[in-house]
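Asker: Those sequence lines, one after another, are chains A and B. My numbering puts the first sequence at residues 1 to 180. My numbering puts the second sequence at residues 1001 to 1180.
Hint data in this document are derived by calculation from the structure and do not stem from the laboratory. Be a bit skeptical, because a hint or two may be false.
Pairs of lysine-lysine residues, derived as DSSO-like cross-links and limited to a Cα-Cα distance of at most 30 Å, are as follows [to be verified]:
#: 1; chain 1: A; residue 1: K13; chain 2: B; residue 2: K1105
#: 2; chain 1: B; residue 1: K1105; chain 2: B; residue 2: K1020
#: 3; chain 1: B; residue 1: K1110; chain 2: A; residue 2: K30
#: 4; chain 1: B; residue 1: K1030; chain 2: A; residue 2: K62
#: 5; chain 1: B; residue 1: K1105; chain 2: B; residue 2: K1011
#: 6; chain 1: A; residue 1: K115; chain 2: A; residue 2: K4
#: 7; chain 1: B; residue 1: K1149; chain 2: A; residue 2: K130
#: 8; chain 1: B; residue 1: K1115; chain 2: B; residue 2: K1149
#: 9; chain 1: B; residue 1: K1115; chain 2: A; residue 2: K62
#: 10; chain 1: B; residue 1: K1062; chain 2: A; residue 2: K62
#: 11; chain 1: A; residue 1: K130; chain 2: B; residue 2: K1110
#: 12; chain 1: B; residue 1: K1004; chain 2: B; residue 2: K1105
#: 13; chain 1: B; residue 1: K1004; chain 2: A; residue 2: K20
#: 14; chain 1: B; residue 1: K1110; chain 2: B; residue 2: K1013
#: 15; chain 1: B; residue 1: K1020; chain 2: B; residue 2: K1004
#: 16; chain 1: A; residue 1: K105; chain 2: A; residue 2: K11
2 protein chains.
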Amino acid sequence: MITKQQYEQAKQKTLEYFEKAGIILTEAEKQNIEVADFGLNELESTGLEILTYVNTDRVCAKELVLFPGQTCPEHRHPPVVGEPGKEETFRCRWGEVYLYVTGEKTPNPKGKPPKGREQWYTVWHEVILKPGDQYTLPPNTWHWFQAGKDGAIVSEFSTRSRDESDEFTDPEIARMPVVQ
Amino acid sequence: MITKQQYEQAKQKTLEYFEKAGIILTEAEKQNIEVADFGLNELESTGLEILTYVNTDRVCAKELVLFPGQTCPEHRHPPVVGEPGKEETFRCRWGEVYLYVTGEKTPNPKGKPPKGREQWYTVWHEVILKPGDQYTLPPNTWHWFQAGKDGAIVSEFSTRSRDESDEFTDPEIARMPVVQ
Chain A
1 MITKQQYEQA KQKTLEYFEK AGIILTEAEK QNIEVADFGL NELESTGLEI
51 LTYVNTDRVC AKELVLFPGQ TCPEHRHPPV VGEPGKEETF RCRWGEVYLY
101 VTGEKTPNPK GKPPKGREQW YTVWHEVILK PGDQYTLPPN TWHWFQAGKD
151 GAIVSEFSTR SRDESDEFTD PEIARMPVVQ
Chain B
1001 MITKQQYEQA KQKTLEYFEK AGIILTEAEK QNIEVADFGL NELESTGLEI
1051 LTYVNTDRVC AKELVLFPGQ TCPEHRHPPV VGEPGKEETF RCRWGEVYLY
1101 VTGEKTPNPK GKPPKGREQW YTVWHEVILK PGDQYTLPPN TWHWFQAGKD
1151 GAIVSEFSTR SRDESDEFTD PEIARMPVVQ
């Protein structure tokens, strides 16, 4: 779990990314940035900063910020309460992101799993997203993603987000709510 | 139906809006801007410019551009094939937009229906959206919206878009595909 100070620092840094990209937020939204360390307390390597615009029973839209080299760890969204799992489209807005999904392994991938956690990164089909590029992920597909050297902003358009149902490859990961 | 020249002009103008707002598109997307005149051939007053990022069975995301004073006419999204109607969240990115929905009539609304078509504008509960503001519309709600004096860019996050099922108040309106 991250400390309040770590949270505040990450939040400030996240707001600077939005400012650079010209993405305008309300004051209330700025206070509601989520900083996810996935329970590992290694935010620099494993983490994700999230602004959720809307999350209804049917539709969810978010902006995701990744700091340079930061990784959203391998996971999938299984079926829940009779619905297929979450379907996600990732659209890169700023920076560069390396997305890995189930499929043929890409030789010499650009992304590197966080040190000491390599064994929990098992899907290696690479999709490189630059600003304007996007990729739609079918439900229940294993995936992970990492920002390039300048960090990245990624818009996510999806069905309902149910973080508590996500399955992670790394057994040490817990998708915990942030301390605020 | 608009001419090829009208289409090209509106497309160029739309791309200038995206540039001003720092919204980055691929070359293919730039070629796929939709210009909707709703069959009235009065694009300056009634019309909408649309870039669809994704439209799957479950999720749709678009950017909408409105030129100064341009109006997306009153319509609703009824239930289709056993699903509730389309649910939409509008988020203003740039400029200002006046959104009108079912509900208590707002005195002295800022929007003005296109001339000669006033009778087909029947819902008058006003929601003003400035950059960072958003509004989620329940399925099957009558609504229309108009840009302020500088035009507007609005992100739309929704369930599947089925334009052919939309119901318009104005009987002269036909949601036609554009000439390209």
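Asker: All hints, please: hold or fail.
Answerer: For each hint, the structure was consulted:
1. A/K13 / B/K1105: violated, 43 Å
2. B/K1105 / B/K1020: Violated, at roughly 34 Å.
3. B/K1110 / A/K30: Answer holds: B/K1110 to A/K30 is near 29 Å, not above 30 Å.
4. B/K1030 / A/K62: holds, 23 Å
5. B/K1105 / B/K1011: violated, 35 Å
6. A/K115 / A/K4: It holds: about 25 Å lies between the C-alpha atoms, which stays within 30 Å.
7. B/K1149 / A/K130: violated, 33 Å
8. B/K1115 / B/K1149: Holds, at roughly 16 Å.
9. B/K1115 / A/K62: Not satisfied, since the Cα-Cα distance of roughly 38 Å exceeds 30 Å.
10. B/K1062 / A/K62: holds, 14 Å
11. A/K130 / B/K1110: Given that 30 Å is the threshold and the Cα spacing comes to 39 Å, the pair is violated.
12. B/K1004 / B/K1105: violated, 39 Å
13. B/K1004 / A/K20: violated, 37 Å
14. B/K1110 / B/K1013: At roughly 24 Å apart (the allowed maximum being 30 Å), B/K1013 and B/K1110 satisfy the hint.
15. B/K1020 / B/K1004: holds, 25 Å
16. A/K105 / A/K11: At roughly 35 Å apart (the allowed maximum being 30 Å), A/K11 and A/K105 break the hint.
Violated hints, in rising order: 1, 2, 5, 7, 9, 11, 12, 13, 16; the structure is consistent with all others.
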